[in-house]
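Asker: Required output: the full structure, derived from the provided sequences and hints.
There are 2 protein chains.
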Amino acid sequence: MKDLFKGDMMINLIKLSFDIGDLTINAFNAIIESDIIINYDNIDLDDLDSYIRDKEIILRQEDESEEDSNVYSNIKKGYSLIELAISKSYNNVTVICSNSSNIYGIANLLIQISSKHEDVELKIYPGVSPIDYSSAVLGAPLNDFAAIDLNNPIESSNELENKIKMALENDFVLFVHNLKGNEFISNEDQNNNYNRLKEIVSDFNEDLLVGIVNDNYSYEICKFKDIRDEVINESSTLIIGNKLTYRLEDYMVTSCDYIVKPKFISQNMDFFERYLKDETPKGIDYDCDYLPCHKKLESCDFCYCPFYPCADGLTGGEWIKGKNVWSCQHCDWIHLEEPCKAIREGLDDILKEPNDLKTKHIELLKLRRECLLKTLK
Amino acid sequence: MKDLFKGDMMINLIKLSFDIGDLTINAFNAIIESDIIINYDNIDLDDLDSYIRDKEIILRQEDESEEDSNVYSNIKKGYSLIELAISKSYNNVTVICSNSSNIYGIANLLIQISSKHEDVELKIYPGVSPIDYSSAVLGAPLNDFAAIDLNNPIESSNELENKIKMALENDFVLFVHNLKGNEFISNEDQNNNYNRLKEIVSDFNEDLLVGIVNDNYSYEICKFKDIRDEVINESSTLIIGNKLTYRLEDYMVTSCDYIVKPKFISQNMDFFERYLKDETPKGIDYDCDYLPCHKKLESCDFCYCPFYPCADGLTGGEWIKGKNVWSCQHCDWIHLEEPCKAIREGLDDILKEPNDLKTKHIELLKLRRECLLKTLK
Numbered sequence: 001m002k003d004l005f006k007g008d009m010m011i012n013l014i015k016l017s018f019d020i021g022d023l024t025i026n027a028f029n030a031i032i033e034s035d036i037i038i039n040y041d042n043i044d045l046d047d048l049d050s051y052i053r054d055k056e057i058i059l060r061q062e063d064e065s066e067e068d069s070n071v072y073s074n075i076k077k078g079y080s081l082i083e084l085a086i087s088k089s090y091n092n093v094t095v096i097c098s099n100s101s102n103i104y105g106i107a108n109l110l111i112q113i114s115s116k117h118e119d120v121e122l123k124i125y126p127g128v129s130p131i132d133y134s135s136a137v138l139g140a141p142l143n144d145f146a147a148i149d150l151n152n153p154i155e156s157s158n159e160l161e162n163k164i165k166m167a168l169e170n171d172f173v174l175f176v177h178n179l180k181g182n183e184f185i186s187n188e189d190q191n192n193n194y195n196r197l198k199e200i201v202s203d204f205n206e207d208l209l210v211g212i213v214n215d216n217y218s219y220e221i222c223k224f225k226d227i228r229d230e231v232i233n234e235s236s237t238l239i240i241g242n243k244l245t246y247r248l249e250d251y252m253v254t255s256c257d258y259i260v261k262p263k264f265i266s267q268n269m270d271f272f273e274r275y276l277k278d279e280t281p282k283g284i285d286y287d288c289d290y291l292p293c294h295k296k297l298e299s300c301d302f303c304y305c306p307f308y309p310c311a312d313g314l315t316g317g318e319w320i321k322g323k324n325v326w327s328c329q330h331c332d333w334i335h336l337e338e339p340c341k342a343i344r345e346g347l348d349d350i351l352k353e354p355n356d357l358k359t360k361h362i363e364l365l366k367l368r369r370e371c372l373l374k375t376l377k
Numbered sequence: 378m379k380d381l382f383k384g385d386m387m388i389n390l391i392k393l394s395f396d397i398g399d400l401t402i403n404a405f406n407a408i409i410e411s412d413i414i415i416n417y418d419n420i421d422l423d424d425l426d427s428y429i430r431d432k433e434i435i436l437r438q439e440d441e442s443e444e445d446s447n448v449y450s451n452i453k454k455g456y457s458l459i460e461l462a463i464s465k466s467y468n469n470v471t472v473i474c475s476n477s478s479n480i481y482g483i484a485n486l487l488i489q490i491s492s493k494h495e496d497v498e499l500k501i502y503p504g505v506s507p508i509d510y511s512s513a514v515l516g517a518p519l520n521d522f523a524a525i526d527l528n529n530p531i532e533s534s535n536e537l538e539n540k541i542k543m544a545l546e547n548d549f550v551l552f553v554h555n556l557k558g559n560e561f562i563s564n565e566d567q568n569n570n571y572n573r574l575k576e577i578v579s580d581f582n583e584d585l586l587v588g589i590v591n592d593n594y595s596y597e598i599c600k601f602k603d604i605r606d607e608v609i610n611e612s613s614t615l616i617i618g619n620k621l622t623y624r625l626e627d628y629m630v631t632s633c634d635y636i637v638k639p640k641f642i643s644q645n646m647d648f649f650e651r652y653l654k655d656e657t658p659k660g661i662d663y664d665c666d667y668l669p670c671h672k673k674l675e676s677c678d679f680c681y682c683p684f685y686p687c688a689d690g691l692t693g694g695e696w697i698k699g700k701n702v703w704s705c706q707h708c709d710w711i712h713l714e715e716p717c718k719a720i721r722e723g724l725d726d727i728l729k730e731p732n733d734l735k736t737k738h739i740e741l742l743k744l745r746r747e748c749l750l751k752t753l754k
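First to last, the protein sequences are chains A and B. Residue numbers for the first sequence, in the working numbering: 1 to 377. Residue numbers for the second sequence, in the working numbering: 378 to 754.
Treat each hint with caution, since some may be false.
Pulled from the structure, derived: some chain B residues nowhere near chain A, Cβ distances all over 12 Å [to be verified]: (1) Ile525; (2) Asn535; (3) Asn568; (4) Phe601; (5) Asn645; (6) Arg651; (7) Tyr667; (8) Cys670; (9) Cys680; (10) Asp689; (11) Glu747.
Here are the computed lysine-lysine pairs in the PhoX-like style, where the Cα-Cα straight-line distance is at most 25 Å [unchecked claim]: (12) A/Lys88 x B/Lys640; (13) B/Lys493 x A/Lys366; (14) B/Lys493 x A/Lys358; (15) B/Lys672 x A/Lys116; (16) B/Lys743 x A/Lys180; (17) A/Lys295 x B/Lys493; (18) B/Lys602 x A/Lys321; (19) B/Lys672 x A/Lys165; (20) A/Lys323 x B/Lys465; (21) B/Lys698 x A/Lys123; (22) B/Lys754 x A/Lys165; (23) A/Lys296 x A/Lys223; (24) B/Lys737 x A/Lys243; (25) B/Lys575 x A/Lys243; (26) A/Lys116 x B/Lys575; (27) A/Lys180 x B/Lys737; (28) A/Lys366 x B/Lys557; (29) A/Lys243 x A/Lys323; (30) A/Lys88 x B/Lys698; (31) A/Lys123 x B/Lys700; (32) B/Lys743 x A/Lys198; (33) B/Lys620 x A/Lys116; (34) B/Lys743 x A/Lys116; (35) A/Lys277 x A/Lys341; (36) B/Lys493 x B/Lys465; (37) A/Lys165 x B/Lys743; (38) A/Lys323 x B/Lys698; (39) A/Lys366 x B/Lys575.
Derived by calculation from the structure, the hints in this document are not laboratory data. Computed from a predicted model, the values in this text were never measured in an experiment. Where is the CB? At the ideal position from N, CA and C, for every residue including glycine.
Answerer: Put into structure tokens, the structure is as follows:
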């Protein structure tokens, strides 16, 4: 938002999420103070009715004039509405647009329009984007991520495919929007783009977790291969997780650097005291009374886990409800040969004495992340 | 947000941008209705004072107890506060955290905490993220983009570097946050990460446009090589544009598929009538009375532009203020040999008759984008 308002006329751009309650206070005030409201995408504004009853409201008309080629009808009309408002020289115009189909396009259009005129000042209001909306609905699926418009009418399919592949190969979480209902592109092309996305992701890893979010806070979380195409509509966005994304109760979570504080246990310390003296078992410890303690047991090298408590459900660990105890009962990863090998290699550089378990926990979790990315499918 | 509230206790998670006015209506109401507010990042809540005066508010204490290793102090304290609230079994707890340093981490932490307890329900409120905030302040810099946390304490420098390189090579706009002030990482490492980012981007293209956004809506837009390190603080985010990003007045804009409706001009039609008959000049037309019409004139092949009006300031075109005319006077790109060659190759497949200029404008702008990505530095 520019510091100085120089213009004689103000245009406020407000993007409205699916829920009026997701309007920010600043955006709401801007609506109240404006003379005229351009309802760019003909959104249902009933919840605002009592506040905007006195204002002129322009909807986009759906009539098709002769020289109105369909390809342009949408933008042309929105554009014409704004030019109309400018020509009527209102002091304070508010443009409300949906942000479900396009995240940043309209701002670009309005900047172009305001650049055509003297004394027209544009105010773009930060708002809840589909990215925030989707990630809040799903829980915490996003760390580093790539946001991709699946139907950019002027982007080559080659460019689109490279972006998707690159994002997957670099373990970005993938946010995909504008899946359907783009009037600039034929339905056939849109289906092709969607099917191409599905091919590319499936070829890479069809077991990746995906969240499908629609309006009204409805959502589904499933493996990518289990997507039900029929739930996808104009409002849908996809968040495709990476290797570190898992399901925790009703949430989609991507394991990150925010971890619950560790509580160290003495047995752990004792074990690594012996580990450092090379007195702990290698491979499966057939003399152990607890054998077989885990389902997929291939190695007892880390009978106690150097990452305990990782407090990260990705590998099967979980909190014992009501108690403050992190249980590794269902974590098999630490007992598989490949991870053990990878961990051993990195551990020697970090762990010099048992107390390092405590003081170097971040370094240890960094090693864990490296080994997870290396060894998880 | 989950459909059913099953728990006896509700925890609301609200991320607060730099401006209280950027709170959503839903988030604001949640604050009003809560019994206790956990001010996780000790944010200044003065503007809310009259609404929350009656409520218990817990700040994070800065005391350092013995077993409190600095690495954990931050999360431990926040975590302890929430556990404390849970132990006191309030009905309605609201956790307010800043979103300037970490976009999605706290949600992850709260999901972990709620999973430790029976009957604790978590509500995550969609809010204005630094991504929305920064892009609104700068104008319209984002299309497809990659969001990268520069200081993830458990990410290897290798992983970070690959993500940055890949994003640049695939023409993603790059959003970078958490540049400074991460207490999990030494200042030395944070400086290394920042310097590595600068090296990688500079090696790729030091002329890329970058927007630096701080709190209070302050920002700078400059070429990447001209970044002034001293303006970067804990609140800063960077948006590094791609080849298609340019400056329009005070805005940072990335050219996209939202274009002002074209107005076709008869001269254009006439020219391409002759072009299709191969009657237009090749190379520089020395017989032309208007020569030299452009600064860097290498070719008159497209004396008239097949993309007119692109309405895209990227290549130097601009609206003549107050008139509805798009001027190409300062666009040299269309008169350089390399672009002309690239355009010629693609144009034959699209343009069969002059009227295609009108009916196939999207295809033409798609060709333009391809040629821009191919020929711009």
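Asker: None of the hints should be skipped; say for each whether it holds.
Answerer: Do the hints match the structure? See the list:
1. Ile525: Label violated. Min Cβ-Cβ 5 Å, cutoff 12 Å.
2. Asn535: The claim is violated: B/Asn535 sits with its nearest Cβ about 9 Å from chain A, within 12 Å.
3. Asn568: holds (18 Å)
4. Phe601: Per Cβ check, B/Phe601 is outside 12 Å of chain A; nearest 20 Å; holds.
5. Asn645: holds (16 Å)
6. Arg651: holds (24 Å)
7. Tyr667: holds (26 Å)
8. Cys670: Check passes; 23 Å lies beyond 12 Å.
9. Cys680: At about 24 Å from chain A, B/Cys680 clears the 12 Å cut-off, so the statement holds.
10. Asp689: violated (8 Å)
11. Glu747: Violated: least Cβ distance 6 Å, not greater than 12 Å.
12. A/Lys88 x B/Lys640: holds (22 Å)
13. B/Lys493 x A/Lys366: holds (24 Å)
14. B/Lys493 x A/Lys358: holds (22 Å)
15. B/Lys672 x A/Lys116: Holds. B/Lys672 to A/Lys116 sits at ~24 Å (cutoff 25 Å).
16. B/Lys743 x A/Lys180: Holds - the C-alpha atoms of A/Lys180 and B/Lys743 are around 19 Å apart, at most 25 Å.
17. A/Lys295 x B/Lys493: Roughly 24 Å separates the two Cα atoms, so the pair holds.
18. B/Lys602 x A/Lys321: Given pair B/Lys602, A/Lys321 is violated - Cα atoms ~53 Å apart, limit 25 Å.
19. B/Lys672 x A/Lys165: violated (41 Å)
20. A/Lys323 x B/Lys465: holds (16 Å)
21. B/Lys698 x A/Lys123: Holds: B/Lys698 and A/Lys123 sit about 19 Å apart, inside 25 Å.
22. B/Lys754 x A/Lys165: holds (24 Å)
23. A/Lys296 x A/Lys223: holds (22 Å)
24. B/Lys737 x A/Lys243: violated (42 Å)
25. B/Lys575 x A/Lys243: Status violated; Cα separation ~28 Å.
26. A/Lys116 x B/Lys575: Given that 25 Å is the threshold and the Cα spacing comes to 36 Å, the pair is violated.
27. A/Lys180 x B/Lys737: Given pair A/Lys180, B/Lys737 holds - Cα atoms ~21 Å apart, limit 25 Å.
28. A/Lys366 x B/Lys557: The given pair, whose Cα atoms are some 19 Å apart, holds under the 25 Å limit.
29. A/Lys243 x A/Lys323: violated (29 Å)
30. A/Lys88 x B/Lys698: OK: A/Lys88 and B/Lys698 at ~17 Å, within 25 Å.
31. A/Lys123 x B/Lys700: holds (22 Å)
32. B/Lys743 x A/Lys198: Given that 25 Å is the threshold and the Cα spacing comes to 24 Å, the pair holds.
33. B/Lys620 x A/Lys116: OK: B/Lys620 and A/Lys116 at ~24 Å, within 25 Å.
34. B/Lys743 x A/Lys116: holds (24 Å)
35. A/Lys277 x A/Lys341: holds (18 Å)
36. B/Lys493 x B/Lys465: Within the cut-off at roughly 16 Å; holds.
37. A/Lys165 x B/Lys743: holds (21 Å)
38. A/Lys323 x B/Lys698: violated (68 Å)
39. A/Lys366 x B/Lys575: OK: A/Lys366 and B/Lys575 at ~24 Å, within 25 Å.
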